[in-house]
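There are 2 protein chains.
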Amino acid sequence: MNLTVIKIGGNIIDDKARLSSFLKDFSAVKGFKILVHGGGKIATEIGKKSGIEPNYINGRRITDEQTLNLVTMVYGGLINKNMVAELQSYGTNAIGLTGADGDILPAVKRPVKDIDYGFVGDIKSDTINGELITKFLHSGLTPVFAPITHDRKGCLLNTNADTIAQEIAQEMSRYMPVELIYCFEKKGVLLDASDDSSIINNITSKDFIKLKEKGIISGGMIPKLENAFAAIEKGVKNVIIGHAEELPALISGNSGTCIK
Amino acid sequence: MNLTVIKIGGNIIDDKARLSSFLKDFSAVKGFKILVHGGGKIATEIGKKSGIEPNYINGRRITDEQTLNLVTMVYGGLINKNMVAELQSYGTNAIGLTGADGDILPAVKRPVKDIDYGFVGDIKSDTINGELITKFLHSGLTPVFAPITHDRKGCLLNTNADTIAQEIAQEMSRYMPVELIYCFEKKGVLLDASDDSSIINNITSKDFIKLKEKGIISGGMIPKLENAFAAIEKGVKNVIIGHAEELPALISGNSGTCIK
Numbered sequence: 001m002n003l004t005v006i007k008i009g010g011n012i013i014d015d016k017a018r019l020s021s022f023l024k025d026f027s028a029v030k031g032f033k034i035l036v037h038g039g040g041k042i043a044t045e046i047g048k049k050s051g052i053e054p055n056y057i058n059g060r061r062i063t064d065e066q067t068l069n070l071v072t073m074v075y076g077g078l079i080n081k082n083m084v085a086e087l088q089s090y091g092t093n094a095i096g097l098t099g100a101d102g103d104i105l106p107a108v109k110r111p112v113k114d115i116d117y118g119f120v121g122d123i124k125s126d127t128i129n130g131e132l133i134t135k136f137l138h139s140g141l142t143p144v145f146a147p148i149t150h151d152r153k154g155c156l157l158n159t160n161a162d163t164i165a166q167e168i169a170q171e172m173s174r175y176m177p178v179e180l181i182y183c184f185e186k187k188g189v190l191l192d193a194s195d196d197s198s199i200i201n202n203i204t205s206k207d208f209i210k211l212k213e214k215g216i217i218s219g220g221m222i223p224k225l226e227n228a229f230a231a232i233e234k235g236v237k238n239v240i241i242g243h244a245e246e247l248p249a250l251i252s253g254n255s256g257t258c259i260k
Numbered sequence: 001m002n003l004t005v006i007k008i009g010g011n012i013i014d015d016k017a018r019l020s021s022f023l024k025d026f027s028a029v030k031g032f033k034i035l036v037h038g039g040g041k042i043a044t045e046i047g048k049k050s051g052i053e054p055n056y057i058n059g060r061r062i063t064d065e066q067t068l069n070l071v072t073m074v075y076g077g078l079i080n081k082n083m084v085a086e087l088q089s090y091g092t093n094a095i096g097l098t099g100a101d102g103d104i105l106p107a108v109k110r111p112v113k114d115i116d117y118g119f120v121g122d123i124k125s126d127t128i129n130g131e132l133i134t135k136f137l138h139s140g141l142t143p144v145f146a147p148i149t150h151d152r153k154g155c156l157l158n159t160n161a162d163t164i165a166q167e168i169a170q171e172m173s174r175y176m177p178v179e180l181i182y183c184f185e186k187k188g189v190l191l192d193a194s195d196d197s198s199i200i201n202n203i204t205s206k207d208f209i210k211l212k213e214k215g216i217i218s219g220g221m222i223p224k225l226e227n228a229f230a231a232i233e234k235g236v237k238n239v240i241i242g243h244a245e246e247l248p249a250l251i252s253g254n255s256g257t258c259i260k
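First to last, the protein sequences are chains W and E. Just so it is clear: in the first sequence, position 30 is 30 by my numbering, and no numbers are missing. Just so it is clear: in the second sequence, position 187 is 187 by my numbering, and no numbers are missing.
What the hints contain is simulated information worked out from the structure, not anything from laboratory work. In this text the structure is predicted, and so the values were computed from the model without any measurement. Be aware that one or more of the hints could be misleading.
Calculated cross-link-like contacts (lysine-lysine; reagent style DSS-like; alpha-carbon spacing at most 27 Å) [unchecked claim]: (1) K187/E to K24/E; (2) K124/W to K24/E; (3) K124/E to K237/E; (4) K24/W to K187/W; (5) K153/W to K41/E; (6) K48/W to K16/E; (7) K24/W to K153/E; (8) K135/E to K234/E; (9) K186/W to K16/W; (10) K206/E to K187/E; (11) K30/E to K224/E; (12) K109/E to K16/W; (13) K186/E to K212/E; (14) K153/E to K30/W; (15) K124/E to K24/W; (16) K41/E to K48/W; (17) K153/W to K24/E; (18) K186/W to K41/W; (19) K49/W to K48/E; (20) K30/E to K153/W; (21) K260/E to K30/E.
Same shape as in the complex, but just chain W (with noise of 0.2 Å):
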């Protein structure tokens, strides 16, 4: 059976009823399947109100313990387990995890050069549970992980979830064709920022470099693109980056950006 991996995150978690929809949306995709989510305004907000502040280091933000504790009430439980029990009503038997549970997502925490990252992990690919996982597919589970990784020490560590989910999509490769989808707010790689019509349907490395080399690719969208070429060279059957509203039809291939 095919896998699909996909990934929220941003303002869709914020909004209640969207986030229903994408989840009613999700329970109807077929086959095995994960979710990786990302973490959204929930967490800032709740950290303003028992006052702890984002940290900043040169604009870069900072996983200090308070943020680490606060990621981890937020991520790994608010967030996660509401999801998890909003799958359940629709009928996807969903089990939320964190990198630390079944010892999947085993991290190194980021070394330090110019800035020091605080309790931020790199996933060890090489490490990664994909037995376990496909034991719980087996078993009719659908995972649904928060971005939070651990590093064997018995320490938690924040984690970029679009690497999570592409960590996952490469290494569940071995085990059977994956599909990884990253749903965001736009309908796809666009050609002209400011014309939402103007996806690019299909995307290969070489036009990668050139739509880079032109400007047309530029800020958050690179490291996405790098992170779905990087599947695909280690086996992920294809990528595909589109609107969370339109995850039906990123599916069927009837909408978003497919990266080849």
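Given the structure of chain W, go ahead and fit chain E onto it with the hints provided.
Okay, now just chain E, sitting in the frame of chain W:
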């Protein structure tokens, strides 16, 4: 293989050094094992910081929506995931769960009679997913349960950890021999509440009735023992009540009160 279901709660969760010592002892327990944890004062403290005050009606604590979110964050996220990460560092392949994960503990929102307890769940014994727990155990996983269940309609529910431990132990008795250990702040059931060494080593249901009549057993110990006897009646091999700091001695039968 035998299964040991161990419940910890209360003060030990708030004390990092004592909790670490307990988790090391727990890791050393042989055979299949399951940990069920309660809350501790952390939730109340974090609640206060973020302006969520405990809500009491007629002296009973009510789980309103804010409190449910707090409990989901602190029990389901912060406490649960940190325990999992620490257990991983001791070589125990822990997996943190609520009753919503894998639909393991379906519950019903407690019906309103005199008091509306809010988002509090009573477990439906006949729907516990013991088969999935068994699969996890046979996969080398050690489940760690936060005291949260769900109603299968998308709603998480706050549930007493003692009851979760009892219900899981009962259900698992259908699959393997089960021992249930309640760890708390006393060395066992005491004949004289003011004398910590006056431990009753063994207690039968007949003894219990007599000791209740004489007023020797009273207060919070009554429901704890009622749970214990109910578990025995439903197939649990034996139940031990004792001090969290004496887990190895409780398991070897050299400390605590044994309910038969």
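Each hint, compared with the structure:
1. Of the supplied pair hints, the one linking K187/E and K24/E holds, its CA atoms being roughly 19 Å apart against a limit of 27 Å.
2. Taking the CA atoms of K124/W and K24/E, the gap is near 26 Å; set against the 27 Å cutoff, the hint holds.
3. About 22 Å separates the Cα atoms of K124/E and K237/E, which keeps this hinted pair within 27 Å; it holds.
4. Restraint check for K24/W and K187/W: the C-alpha separation of about 19 Å stays at or below 27 Å, so the hint holds.
5. Taking the CA atoms of K153/W and K41/E, the gap is near 26 Å; set against the 27 Å cutoff, the hint holds.
6. A threshold of 27 Å between alpha carbons decides the hint, and for K48/W with K16/E the separation of about 25 Å falls inside it, so the pair holds.
7. Pair hint K24/W plus K153/E holds up; C-alpha atoms about 13 Å apart against a cutoff of 27 Å.
8. Between K135/E and K234/E the alpha-carbon distance is near 22 Å, which keeps this suggested pair within the 27 Å criterion.
9. With a C-alpha separation of about 19 Å, the suggested pairing of K186/W with K16/W holds against the 27 Å cut-off.
10. For the suggested pair K206/E and K187/E, the alpha carbons sit about 22 Å apart, so the restraint of at most 27 Å is met.
11. Of the pairs offered as hints, the one joining K30/E and K224/E holds, with about 25 Å between alpha carbons and a cut-off of 27 Å not exceeded.
12. Annotation: proposed proximity of K109/E to K16/W holds, straight-line Cα distance about 22 Å (limit 27 Å).
13. For the hint pairing K186/E with K212/E, the CA-to-CA distance comes to about 18 Å; that is within 27 Å, so the pair holds.
14. Note on K153/E and K30/W: the hinted pairing holds, with a Cα-Cα distance of about 22 Å set against a maximum of 27 Å.
15. Restraint check for K124/E and K24/W: the C-alpha separation of about 26 Å stays at or below 27 Å, so the hint holds.
16. Among the hinted pairs, K41/E with K48/W is consistent with the structure: their alpha-carbon atoms are about 21 Å apart, no more than 27 Å.
17. Annotation: proposed proximity of K153/W to K24/E holds, straight-line Cα distance about 13 Å (limit 27 Å).
18. Simply put, K186/W and K41/W have alpha-carbon atoms about 18 Å apart, close enough for the 27 Å limit, and the pair holds.
19. With a C-alpha separation of about 10 Å, the suggested pairing of K49/W with K48/E holds against the 27 Å cut-off.
20. A distance of roughly 22 Å separates the Cα atoms of K30/E and K153/W; the hinted pair therefore holds under the 27 Å criterion.
21. In summary, the hint linking K260/E to K30/E is supported, as the alpha carbons are separated by about 22 Å, within the 27 Å threshold.
In summary, the structure agrees with every hint in the numbered list given earlier.
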